[in-house]
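Q: Each chain, letter by letter, is given below.
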Amino acid sequence: MGEDKESLLRVHSYAELAHQRETSGHLFREPVQGPDGKPIVNLEIAEKILDFCRANSLWPMTFGLACCAIEMMCLGMARFDMSRYGFEVFRPSPRQCDLMNKKMAPAVITLYEQMPSPKYVIAMGNCAISGGPFKVEENYNVVEGVDQIIPVDIYVPGCPPRPEGLLEGLFQLQEKIAGQKHPIPQMPIHRKETMVKNYVDEVQELKNSGKIA
Amino acid sequence: MSAKDQLIKNLKALQATVQEVDYQRRGYHVEVLLDNDKVRDFAQVMRRHDFYLVFVGGMHSAPNIEVVYQFASFTLPCRIMGRAPVNGDCAVDTICDIFDGANWHERETKDMFGIVFKGHPYLQPLLLAEEDADLKPLLKSPTTLKPIEKLRCLPPAAPDDASAQPAPAAQPAAAAAEKPVLPALPAQPSAAAETTQRPAGMSQLDQTKKEHTFYLNMGPQHPSTHGVLRVLLEMDGEHCLENEPVLGYGHRMQEKMGESRSWAAFLPNTARMDYLSALIYNHGYVGLIERMAGLEVPRRAEFIRVITDELNRVQSHLLWLGAFLLDLGAFTPIMYTFDDREQILDILEELTGSRLTYSYHRVGGVCRDIDGRFSDATRAFIARLRGRFKMYDDLVTGNIIFIKRVKDVAFFPPDLARRYGLTGPCLRGAGIPYDIRRSEPYSIYPELDFEIPVGTSGDCLDAYLVRVREMEQSLRIIEQCLDLLPEGPFRNKVPRRMKLPQGDCSFSVESSRGELAYHMTSDGTDVPYRLKIRVPSFSNLSVLPEVCRGMLLSDLAMTMGTLDLVIPEIDR
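So the sequence lines, in the order shown, correspond to chains A and F.
Quick note on our numbering: the first sequence kicks off at 948 and runs consecutively.
Quick note on our numbering: the second sequence kicks off at 33 and runs consecutively.
Think of the hints as simulated: they come from the structure by calculation, not from any bench.
Treat the hints with caution; some may be incorrect.
[Claimed, not checked] Below, in silico cross-link-like pairs of lysine to aspartate or glutamate (DMTMM-like), each with a Cα-Cα straight-line distance of 20 Å or less:
id: 1; chain 1: A; residue 1: 1123; chain 2: A; residue 2: 1111
id: 2; chain 1: A; residue 1: 1144; chain 2: F; residue 2: 381
id: 3; chain 1: F; residue 1: 150; chain 2: F; residue 2: 132
id: 4; chain 1: A; residue 1: 1154; chain 2: F; residue 2: 511
id: 5; chain 1: F; residue 1: 168; chain 2: A; residue 2: 1111
id: 6; chain 1: F; residue 1: 288; chain 2: A; residue 2: 1091
Same shape as in the complex, but just chain A (with noise of 0.2 Å):
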């Protein structure tokens, strides 16, 4: 009856472990000690090198209501290209999100307890961090942030945010995450040379040079 009980128990700290990781995303920080004392297997290398990883290979998940949704598809196009840092397709883990209502406010907590750990919200556009311009005194409908009802990572400010202010957040992540950020540099970004020009700057050098009319 004893032992019953004890496995029994077993089974409920088991599952609050896989509760644990899967809230933290992380595998159970205290290691398993021998009797000597020392932990028998050591497990943070093998973490290191999946935040590694998983820092190189964020998939965020699009969650876009409104005007940000528009500057974070220009941040997946052609100019601003966010693939080239590893934040591949938009599909699961971390979160953008802009506005939102009371309608919408259970789907997106189901949409966050379907995410798969590890994951992260990126409150993205003032609407998101505080309710932006639709935190008023009349204010009926909309929720003053969503930090009132999911865990926010980063805040990205902006009405709505440049997608190089996106990127900017993706790579605070990273930091967060893995200690630094873009661990792996696709390509040297503050370098002038590299940088898209400004159309109406392109234009203007082109009409000097006399290339144009």
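Chain F: place on chain A using the hints.
A: Leaving out everything else, chain F in the frame of chain A:
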């Protein structure tokens, strides 16, 4: 007798007060004050005269709430405004069996004002959440409620003679003597009454139809809905027998905000409804305020407005082109269209300071003047995009797979458009050259030389072709405006706290998706008393249940792509 006279005669036969008003001041041609029980007859007359429903709205004033109807016509340049008070039970007859598009408008009005539409098949919350069914957010508080006399337009300052004033006492008698010229349509309330008893919380779909049907939720988080739209589908295998869009996931109280701050403070909100044609929304709003206050705008400012509007339209259509083809499974075009789109965003960003949500048009002009850099870049861009059109044509329009995929799918015939209030490229694809820029010209559009592209059959391919050709026409307009651009001031000084004259006013513009109409009622202060915003996607989406009945699921996704939906614009 002209069509308009005939119409007015028929309206007078309803024992209503029919009044022709000054279009330049009010934005509509005829105002009809109806009795509560004449609403259905009024809608019948409108239907028989081939009008389409612009919007149904409400207004809370003392002594009671008023229901407001606006109708316009694809052929006759005439805009009708009907008003009817609710009865003692806060109820009015539904018109959604005459104009199917009224279904959603009435549900929205029920949400906002609590008006009961008698005979409506499914009067459940549309934009608000279920638990907020009794919120009635747009009702005024006792402190802000104004009597109706304060909200009506004052007569012109110098009344000439008594004939200008309608004589309501004499008119009904005279009208009653005349026979109504149009036969009344058969009323069909029985089917509507039967369906009222469906369980709340589910849907209008008939749930006992077939054994092998199943229900599927598409959305609210689904990539091909282009936002947070949920479509409830009744499926039989791959075919969706019925579908019902569920709105309101992005409702942001835009109308409420428009009524609780001064007109100047609401301008940034207009850009956040349809962020893809934000400048056109700006234009509609400043146009409304200018029409209301009777302000003049410098000619240079009008040119700049049209240039930026059209750049915005091209940008929106480019995004649509990419996203539509992405919905069909073609990934390549969206990379190219976004590349082009970024150039427009660069040009507009340098001028306006933002990439997407502009507040560049101001009442009395525009915020900044354009310079040589702007026009150089715009001209270079026009030349560049014209070269790219050929590439798009080769890549997409000439592609046999694409044509097979979209041809003869989802027809939008003119009669359907009238019943639902469908406007924009989908309507023009059916061969009706209805474009607000031509039919009710605003700004400097009458002086410009451009065509309204139309299609023939009204299917998805025609809507695609119309949009592509519209981009070419927009480039033509921009080029002409740059050539004709006059010198002069770009903005007139307008006081920030300018009081708007009392009365109501309407202003319509052609956004990238169809007709955008603002209707504002003022009580003589600088805070609007009531602001109704009619957005094109709202009416355009309401055709979906009828058009897509029995269609394959993949075709339904494509039809939604064709309608070019912007969900936050629908939800407001």
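Q: Take the hints in turn and mark each one as holding or not.
A: Hint by hint, here is what the structure shows:
1. A/1123 to A/1111: holds (18 Å)
2. A/1144 to F/381: holds (13 Å)
3. F/150 to F/132: It holds: about 15 Å lies between the C-alpha atoms, which stays within 20 Å.
4. A/1154 to F/511: Within the cut-off at roughly 19 Å; holds.
5. F/168 to A/1111: violated (41 Å)
6. F/288 to A/1091: Satisfied, since the Cα-Cα distance of roughly 17 Å is no more than 20 Å.
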